[in-house]
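Visitor: Those protein sequences? They're chains V, G, E and A, same order as listed.
The first sequence maps to residues 3 to 321 in the working numbering.
The second sequence maps to residues 315 to 638 in the working numbering.
The third sequence maps to residues 8 to 511 in the working numbering.
The fourth sequence maps to residues 2 to 334 in the working numbering.
A portion of the hints provided could be inaccurate.
Unchecked claim - If you want the footprint, here are the derived chain A segments under chain G, 3+ residues with CB under 8 Å: (1) 158–167; (2) 298–308.
Claimed, not checked - No farther apart than 30 Å at their CA atoms in a straight line, the calculated lysine-lysine pairs in the BS3-like style are these: (3) A:K271 to G:K432; (4) E:K89 to E:K77; (5) V:K307 to V:K106; (6) A:K129 to G:K629; (7) G:K432 to V:K207; (8) G:K432 to E:K277; (9) G:K629 to E:K77; (10) G:K629 to E:K348; (11) E:K285 to E:K234; (12) V:K318 to V:K307; (13) G:K629 to E:K400.
Just so you know, these hints were derived from the structure itself, not from any lab.
These numbers come from a predicted model, not from an experiment.
All C-beta atoms, glycine included, are put in the ideal place defined by N, C-alpha and C.
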Amino acid sequence: MNFRKTLVTTTALASFAMVGAAAAADYTIGITQNNVGVDSYQTTYEKAFIAAAEANDKVDAVVLDAGGDVARQIAQMEDLIQQNVDAIIIWPTNGQAVIPAVRKAHNAGIPVIVTNSNIAEEGFDFVRSFSGPDNVTQGARSAEIMCDKFKEMGIENEAQVVQISGQPGYTTAIERAGGFEDRLPEVCPNVTLVETQPGDWNREKSQQVMEAFLVKYDDIDGVYSGDDNMGVGALNAAKAADRAGDIIFVGATNFAVGYEAMGRGEYWGSIYQSPVDDAEAALQTAIDVLDGKDIPFLNYFDTPKITQDNMSEFDKPVF
Amino acid sequence: MAQSHLKAVGEILAKHGILVAFILFMIAFALLNPRFINSDNLLGVVRSSAILGVMAIGVTFVVVSGNLDLSVGSMMSFSTIVVLDLHDKLGPLLGIPAMFAMTMALGALIGFLVGYLKLNSLIVTLGMLSAIHGLTLTYSGGKNMDIADKDGTWFGFFGQGELLGVPVPILMFALLAAGLTLVLSKTPFGRKVYAVGGNGVAATFSGIPRARIVFYCYLISSFCVAMAGLIQASRSLGSQNTVGQGLELQVLAAVILGGASLLGGSGTIFKTVIGVLILGFIQNGLLLVGLEFYVQYIVTWVIIILAVWLDIAAKRGQLWSPIA
Amino acid sequence: MSAQAPVLELKDIVKTFPGVIALDHVSLDILPGEVHALMGENGAGKSTLMKVLGGIYQPDEGDILVAGEKTILRTPLEAKGKGIVFIHQELSLAEELSVAENIYMGELPRKSLGRVDWSKLFSDVDEILGRLNCNFNAQTIVGDLSIANQQMVEIARALTVEATTVIFDEPTASLTDAEKVVLFDIIEDLKSRGVGIVYISHRMEEIFKISDRISVLRDGEYRGTLKASDTNQDELTQLMIGRSLEHTRPDLSQSNGDVALEVKGLSCGKLFHDVSFKVHAGEVVGFYGLVGAGRTEVAETIFGMRNKSSGEIFLNGEKVEINSPADAIAHGISLVPEDRKGQGLVLGMNCRDNMTLPQIDDLTVSGLTAPQSEQEIFKKYRDQLEIKTPNWKQTVGNLSGGNQQKIVIGKWLSMHPNLLIVDEPTRGIDVGSKSEIHNLIRELAGQGYAIIVISSEMPEILSVSDKIVAMFHGEIVHTFTSSNVTEDKLVQAISGIYEPENAA
Amino acid sequence: MKNTNLAKRLQDSAIWIFIALELAFFGIAGEFLSLSDGNFLAPDNMLLLIKQTVPLGIIALGMTIIMINGNIDLSVGPIFALCAIVMLDSMTWPIFAGLGDGVIVIAWALAILVGVVLGAINGFIVWKTGVDAFIVTLGSMLGYRGLVFLYNGEQPTYHLNWTLVDIAESAPLGIPLPILIFAGCILFTWWLTKRTVHGRNAFAIGDNRTAAVNAGIRVGPHMVWNYVLIGLLVAISSATFYSASGSVNPNDGMLYELWIITAVVLGGTKLTGGRGSIIGTVGGVIAIQLMRKGLGHIGADTAMVNLVIGSILIVVLYLDRQLNRKGEEELNS
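Using the sequences plus the hints, can you model the full thing?
Guide: If you want it as structure tokens, here you go:
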């Protein structure tokens with residue numbers, strides 16, 4: 003055994019700088035993210051989270067990525083529980099499938115904070131807090147943006163709208179679609195939502211779904227997509243069929259590509275949501291929970307509307 | 315008498331069965347939804363199957379030479395991400411050839427492993443499927459790859475442009491198909507690919523450098539994948555790391571549907587193109603008829619099994635297999 | 008051997024393949040406790056007859072009587088059920104499984120729940136192996152056994168069933184002398200227990216050592232049965248060869264060409280060693296020997312399919328290095344392989360493409376293939392070799408064996424090689440057109456080609472070759488010239504018992 | 002003959018040597034690179050490792066027998082998803098309303114029924130049409146995925162029954178239930194391949210099909226039983242996993258077939274049939290999961306994991322080829 007000891011001491015100094023751990027970090031916080039490789043929002047979220055953790059010398063962060071696979075996320079939860087971290091932050095790949103794993107952490111006395119996309123109701127009593135955007139409000143706000151634009155154009159009585167939703171089973175997708183579908187009839191009763199198809203947060207798939215819509219429906223007045231990444235995919239399809247001019251595109255989670263499209267006047271509006279706020283809010287919530295502070299169960303951070311009119315007030319998203 | 319009769323019918327069916335099936339499908343869908351046969355729709359379908367088609371042409375070479383290639387899916391993601399990245403770093407004129415070189419280097423590696431080291435092509439390309447996916451993620455750091463200034467570049471020409479009224483992807487698809495048909499059926503190299511796939515030992519006995527032929531087939535396949543990556547990247551001027559995921563099995567389905575045998579030695583590019591179009595039009599037809607996209611999976615299952623079964627039945631002269 | 012009722016009887020068996028009458032009213036009877044040898048040239052119908060007996064082929068006419076009762080044998084399994092066991096020359100064993108599982112394949116003793124009764128299986132098999140005094144046991148993995156031992160496993164399989172007839176097809180081809188002794192003891196043991204044995208072989212001295220009666224087949228016809236005790240090698244050879252030799256030998260033009268090929272001290276691992284010979288332009292050198300003598304391996308090494316371990320090859324006096332068939336072809340060597348289907352043809356391709364495959368690179372017009380010039384080559388050799396095929400588009404797989412053979416010959420002749428090697432030129436060719444091929448070979452020699460012919464049919468070698476190289480177990484025993492060769496010297500040479508008195 | 006025995010023994014134990022190397026590497030590397038204080042080689046971390054190999058492991062056992070038989074099955078992914086969907090959804094069917102928690106047993110039974118039926122369909126098509134198993138199961142992979150989507154569109158199938166979750170997470174005798182089920186499947190398939198006539202015939206057919214046919218083994222039904230067996234094992238794996246998670250997405254099980262074939266080949270089973278071992282496959286599955294977990298432990302991201310596993314597969318393939326290279330008799334074709 004002494005072989006390992008000598009090995010440990012000689013290289014401990016070398017590794018010291020790399021891990022950047024302070025003398026004795028009070029908390030080790032583990033995070034299992036949804037799918038870092040899927041889009042820039044998530045990649046920027048991870049960078050912001052790591053930066054925030056390193057900046058705060060009270061915290062050691064174990065950063066894992068489930069790569070979109072439920073089985074792997076459950077395995078990562080078990081690993082974090084087994085390594086008895088002080089708190090676990092989870093960005094669920096599937097709001098329902100992770101509930102038993104969250105319960106296991108709860109039973110092991112490890113507080114669980116959900117970030118970005120909430121888990122289903124049944125899991126609420128195993129979770130200390132949800133930190134992220136209020137997706138239902140976001141959906142409603144997008145409906146309002148679209149309806150105001152239709153009124154401005156005077157077509158709010160015969161407009162037809164299609165929706166490209168996020169990954170099925172993903173809470174954010176369900177909440178945003180729900181928010182949009184509930185709010186739209188309230189503000190623009192005569193606008194009809196003709197069809198909804200999932201784009202799985204994937205730009206290429208959204209482009210194909212939009213192409214199918216364009217073939218199926220001769221006049222489309224508005225497209226609501228779960229996020230700008232999918233929205234731009236739909237925009238590309240419309241531009242290829244050169245019908246982009248007479249379609250109002252409204253999305254959510256304003257990406258850089260969305261912001262530029264708005265700058266070019268092709269994309270009408272979106273919801274401004276910064277992954278950096280998302281990451282920092284999640285870390286701060288975890289620290290507050292460990293410090294014993296009481297924080298609201300639903301800890302939303304604000305996500306304002308952004309349209310071509312007021313885009314100058316916001317600086318271009320960094321993802 | 316019955317058996318030779320079945321064999322005759324089988325022969326015709328095996329030779330042109332795919333064409334017959336293709337025409338029947340088109341008629342059926344046209345009747346169900348007239349919008350199906352309007353020129354925009356037809357053109358749209360061919361344009362969207364161009365990417366799969368270009369890759370299928372490359373894989374046809376590999377299958378005719380008696381091997382398999384499961385790595386084309388992740389290799390296509392790799393080429394798409396790389397060309398977008400290099401477009402901003404080196405500019406399109408340098409970026410595109412650099413991407414072709416990098417993608418064909420991967421093809422050369424596989425060609426070396428399967429051709430010269432004679433390793434099993436299914437397992438090698440299965441390993442490369444995962445390794446290249448890892449390579450792509452490392453290269454892009456997990457981020458989407460988007461061209462910074464989308465309006466200021468002519469790069470969109472390949473995916474979105476039109477020439478003489480025909481969308482560029484279709485032209486590239488047609489040009490590549492014509493060119494490689496010439497190579498496969500009208501050049502000594504093509505004849506050798508059929509020989510190596512049909513009977514490797516006899517080919518070597520006839521002085522054909524079997525390892526080199528297999529190596530070139532994988533090189534051609536990677537060239538086609540690079541072409542597909544170019545079209546895909548240019549189509550949306552941005553892409554995710556997983557854009558090519560799952561394409562390898564769709565490509566294989568199209569090649570098999572076209573009539574190429576997995577044992578090697580048979581199959582043509584024309585038939586593969588028909589296989590690709592069948593897949594494309596079924597998906598489109600079902601959509602227009604109002605069925606969900608996944609019904610296409612079930613239809614594809616049925617016609618793959620039927621197409622290959624009839625082909626084998628014709629060759630052996632009996633419908634049911636002789637296995638006791 | 009008293010006139011007991013025969014264990015097995017064949018009456019007027021006829022079997023035809025497209026264009027070939029393989030068996031022409033052959034009758035044969037096997038008595039219990041008798042070793043009945045069956046002799047005949049290659050292509051005389053021996054293996055076809057045995058495949059009929061073994062249930063692999065169905066006879067077109069004639070009956071098979073097992074213990075006097077007419078039976079139909081549809082599959083090898085049915086034949087085995089009737090007590091007829093066939094030990095093939097090529098072994099059909101599962102190399103990954105144990106000896107026991109191979110012997111009882113398909114009939115493993117069972118316990119409840121479909122479990123294998125291993126104890127019973129191993130004890131039964133060990134008992135049989137004991138009787139054959141094998142040096143391995145029931146649990147050895149077949150893949151680890153030598154060829155000879157694997158053959159013992161096949162023989163052991165025969166003893167698992169109450170066999171009334173056991174057919175051996177060239178069993179001693181790859182056995183050492185010691186292993187042969189063990190085999191003959193087993194045959195004696197089977198004989199003593201009243202089993203009828205059919206023994207197919209080329210080797211005269213084995214035949215005379217163990218067989219009671221000898222039947223001879225020639226060109227698919229039954230030539231008669233002799234008692235081993237009152238006949239001798241010459242009478243048997245005469246019966247086998249039939250037609251007198253003189254008139255079959257064409258006038259051999261004296262070869263005066265220079266040395267096209269010279270091989271010095273060539274060897275390749277265990278396959279053959281220290282092989283040296285010369286081939287002059289316009290001369291046919293015949294290689295004669297038994298299976299496993301190394302003749303094909305020598306040809307494959309010259310052609311670059313195998314890497315030589317030592318020795319040199321000279322073409323037209325100039326030393327050459329040949330590491331691949333492509334090198335050999337570049338040096339103008341052509342090899343018509345013994346295994347047409349496996350090594351000679353791409354069955355899925357059409358006739359023309361197969362024929363022009365080796366020279367496809369030269370038949371191009373601006374990079375593309377030139378169909379017309381290919382067509383010409385195909386037509387030329389189709390007519391010259393009289394290949395019966397509707398048109399060039401016909402896939403080779405659909406042709407008869409003889410025509411396939413001719414396509415391969417045409418393929419290599421069209422290369423205009425300066426050294427042509429033909430391995431078993433007339434195997435699978437119908438008797439009628441055999442002499443056609445022989446004349447063609449002689450004609451080519453006349454035109455100055457240097458030719459090597461490998462054959463295991465004595466009349467063919469004698470009628471075609473200017474020089475005959477006899478090989479046994481990887482070595483050249485002796486080289487005869489057409490003037491000083493006789494049958495029995497040749498037979499002795501290939502059986503390794505030839506003492507060159509003072510012959511040239 | 003001696004070197005072939007050595008080569009064979011080396012081959013059989015190759016995968017376990019590889020696992021030992023992995024353990025050593027991650028054990029030591031883990032000390033420095035990993036942020037968590039837990040020791041990688043701690044017993045309960047290893048137990049967790051085994052538990053995480055269960056889903057792919059159980060299916061790999063069935064795939065081993067299929068490949069020994071000379072066939073292959075690409076459709077295990079969608080079957081895995083379909084069994085789970087039927088299991089979870091059947092618990093909400095009104096006709097079982099009265100049973101309360103008793104419905105769990107029925108749900109498992111239905112899941113197994115689905116697996117067996119889908120396996121049998123594959124088997125019959127391969128048998129009766131004579132089409133190559135690769136193409137048949139490539140087709141059924143697409144077809145069964147279509148059935149998964151047909152069942153519930155793109156929406157996940159979701160039913161959280163806490164008793165079911167408690168059963169799935171229970172650990173009788175201190176060992177998690179999934180590991181016990183996995184052990185049971187290993188025992189059964191090992192017993193099948195080593196002790197039963199059916200198992201030994203699988204080797205015979207895979208190694209020399211003509212010899213097997215001549216010996217009177219009925220190859221057709223034998224194949225169908227093997228496909229039924231893999232269907233059963235996929236159903237067991239699916240029921241075990243989804244009982245603990247309660248929700249299944251239509252895209253679940255994606256690429257499972259590729260990882261499972263990789264594990265079986267790493268374990269020493271030949272693709273062309275005739276040779277393979279259940280124990281080797283268990284080694285193959287553990288080796289891959291250990292690689293994933295180890296790389297995760299030392300902070301490597303998904304990119305590195307994919308890169309490493311893909312390359313290791315090719316290296317092992319090359320070594321395997323060197324090990325059983327025949328003598329110089331081989332023609333250099």
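Visitor: Could you work out which earlier hints the structure fails to respect and list their numbers in ascending sequence?
Guide: 1, 5, 7, 9 and 11
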